[in-house]
Amino acid sequence: MLRKIMTAMLVLVAMSVTAGTAYAVDVAVHGTVSQGYLKSSEYNYLTPNTKDGTFAFNEAIVNLSTRVDDKTRIGIQLLGRDFGPEGNGNIILDWAFGDHRWRDYLGFRIGKVKTPLGLYNKTRDVDAVRTAVLMPQSVYNEGFRMVTTAFQGGSLYGNLPVSDNTSFDYELFGGTIEMDGTQFLSDTMSGAAPGAPMLSYDVETKYMAGGQLIWNTPLEGLRLGGTYLTLETNSQGSFANGTMAPTVIDMQLKLNSYYTLSAEYLWNDLSLAAEYTRMDTDILMSGVPYPDGAGGFMLIDIDQEDKRGGYYGQAAYRFSSLFELGTYYSVFHPNWDNKDGEDLAVDHRAYQKDLALTARFDVTDNWILKLEGHLIKGTGQLEPSYNPEGFDEENWNMFAAKSTFYF
Amino acid sequence: MKLNSMHKTALAIVLMSACLALASPAAAAVVVVTNPAVPGDAVSASNLQKYYLGKSTSWSDGTSVKPAMLVGGPTTDEFLKSYVKKSSSQFKTFWKKAVFSGTGTPPEEFGSDADVIKYVAATPGAVGYVAEGSDTAGTKVLTVQ
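Here the protein sequences come in this chain order: A and B. Per the working numbering, the very first residue in the first sequence carries number 10; after that it's consecutive. Per the working numbering, the very first residue in the second sequence carries number 975; after that it's consecutive.
Bear in mind the hints are in silico, worked out from the structure with no lab data behind them. Do not rely on the hints blindly, as some may be mistaken.
With a straight-line cut-off of 27 Å between C-alpha atoms, the simulated DSS-like cross-links for lysine-lysine are [to be verified]:
id	chain 1	residue 1	chain 2	residue 2
1	A	Lys-362	B	Lys-1059
2	A	Lys-80	B	Lys-1092
3	B	Lys-1066	A	Lys-80
4	B	Lys-1092	B	Lys-1055
5	A	Lys-80	B	Lys-1114
6	A	Lys-263	A	Lys-48
7	B	Lys-1114	A	Lys-215
8	A	Lys-263	B	Lys-1060
9	A	Lys-386	A	Lys-362
10	A	Lys-60	A	Lys-48
11	A	Lys-80	B	Lys-1029
12	A	Lys-316	A	Lys-263
13	B	Lys-1059	A	Lys-80
14	B	Lys-1060	B	Lys-1114
Stretches of chain B that chain A covers, calculated by requiring three or more beta carbons in the stretch to come under 8 Å of a beta carbon on chain A [what the hints assert, rightly or not]:
id	region
15	1005 to 1018
16	1025 to 1038
17	1105 to 1119
Every residue, glycine too, gets a C-beta built ideally from N, C-alpha and C.
Between the sequences and the hints, there should be enough to build the whole structure, so can you do that?
Printed below as a string of structure tokens:
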């Protein structure tokens, strides 16, 4: 499916480029290249080497688009990314779709389409459009990025005017997700078979569907919105099991509800935003090896619920064309039903509260430099596999820097 | 305390400056023009905002709206502030988001008032803005309501 979409889009773009010489059809080309740095005082957060400092935090984007006619556009975006274990510089199809806007109130997109989730998910790959280096992880979790970034399928969208200064933007979408290499799923499965090396891993999305509604309120600059999505996947992991044949774990993951409530207010050079998200998932694993008490293993089923959520508030102010200052406070709970860590061996594993401050310098029209500090309380978003020494410190901090060139 | 003539002059300059600063020069400094075939002689400020943000894409006769703008500068700043209700940086960010998510194409940009007028005059459905006093021959000047 993905290969077909990519081939079709490349052919279409190539045709448009060819046509450009004869019919003056323009192909717009844009791109960005970013290099970042992360250094934490205590833990390996987001990457396995953050404590020592890591430059494995970069991305490059090439974007081509053209108009077929007044109502139809096609475009393609390629993304190469390195972020800890994710990406490794491999170039992937970020999105590629055709877009026909029949009326202002109804258009459709078909192909690999960016997922509307919250206010900023569609542009989370693009450093140049925000103040912060790292988006608030309570809502825009990097570990989930490959799940939420785009889907193969279609969407209906439009703008519904209510009055002269009020309208609703909507988008309804459905399809499947390319989930190969998604760390969350393989980590969940590996967690059920600790110490057993994973030999192979395969995942298939049965469906993904959702919708977003944004109210452009009568107060100029104020937008309020909500997004909902649901999806179901089947995955299979094969694990080495001593001298015996490999253990195969089947995992069904059903994301029953993943929703985000959003508010944004723009006033002159001030921008304010707040979002709240909840994600409730059922995970059913079968064939999980479990010690049988006689030195061997028996295979059992595990049925677990994952109820996570978080929220953040952020503010940014542009002082001049050169300088912008931003801050956010982000709170995440891996288990929404246990926010204080009651009965946990380490109570601060129940939360992660992040106060960030960013200085953004637009050095030229095409070059941005960002410096960012984080004061973090709690360890609820840290990967145990990156931090084998445990989680002794509740309070820690992190420094992030990023330089982005874009055109 | 009596004011001498120098103080009075200084006070007058300060008051005049304050009045000028408080006045709204933006709307007066920018002229909105369309292709002559576009229906009507007026446009609402809210529609103008929708055209430049890509939320409304057709005129009342069904012709596609083709917005044009100047590359930066004070006229653009005034136009965006007065009618699009965004700062220049917010407007750029808005369209960068649309471009990199594939959801929109920003307005055509031109380097001078004359280039905007030339494009608007020659392009059905085009709308643009120029500094007040520019030669708008070949286009239709719209009243913004």
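Do the hints match the structure? See the list:
Annotation: proposed proximity of Lys-362 (chain A) to Lys-1059 (chain B) is violated, straight-line Cα distance about 34 Å (limit 27 Å). Between the alpha carbons of Lys-80 (chain A) and Lys-1092 (chain B) the distance comes to roughly 24 Å, so the proposed pair stays at or under 27 Å and holds. Straight-line distance between C-alpha atoms of Lys-1066 (chain B) and Lys-80 (chain A) comes to about 22 Å, which keeps the hinted pair within the 27 Å bound. Restraint check for Lys-1092 (chain B) and Lys-1055 (chain B): the C-alpha separation of about 24 Å stays at or below 27 Å, so the hint holds.
Between Lys-80 (chain A) and Lys-1114 (chain B) the alpha-carbon distance is near 25 Å, which keeps this suggested pair within the 27 Å criterion. Distance check on the hinted pair: Lys-263 (chain A) and Lys-48 (chain A) sit about 35 Å apart at the alpha-carbon level, beyond 27 Å; violated. The hinted pair formed by Lys-1114 (chain B) and Lys-215 (chain A) fails the criterion: a straight-line CA distance of about 55 Å is larger than 27 Å. With a CA separation close to 41 Å, the supplied pair Lys-263 (chain A) and Lys-1060 (chain B) exceeds the 27 Å bound.
Of the supplied pair hints, the one linking Lys-386 (chain A) and Lys-362 (chain A) holds, its CA atoms being roughly 5 Å apart against a limit of 27 Å. For the hint pairing Lys-60 (chain A) with Lys-48 (chain A), the CA-to-CA distance comes to about 6 Å; that is within 27 Å, so the pair holds. Between the alpha carbons of Lys-80 (chain A) and Lys-1029 (chain B) the distance comes to roughly 13 Å, so the proposed pair stays at or under 27 Å and holds. Of the pairs offered as hints, the one joining Lys-316 (chain A) and Lys-263 (chain A) holds, with about 12 Å between alpha carbons and a cut-off of 27 Å not exceeded.
For the hint linking Lys-1059 (chain B) to Lys-80 (chain A), the alpha-carbon distance of about 26 Å falls within 27 Å, and the restraint holds. Distance hint between Lys-1060 (chain B) and Lys-1114 (chain B) is fulfilled; the C-alpha atoms sit about 25 Å from each other, no more than 27 Å. Note: the region 1005 to 1018 of chain B has 1 residues with beta-carbon separation from chain A under 8 Å; the three-residue rule is not met and the coverage is violated. Restraint check on the region 1025 to 1038 of chain B versus chain A: 5 residues with Cβ-Cβ distances below 8 Å, three needed, restraint holds.
Check on the region 1105 to 1119 of chain B: 0 of its residues sit with their Cβ under 8 Å from a Cβ of chain A, so the three-residue criterion for coverage is violated.
The structure fails hints 1, 6, 7, 8, 15, 17 (numbered hints given earlier, in ascending order).
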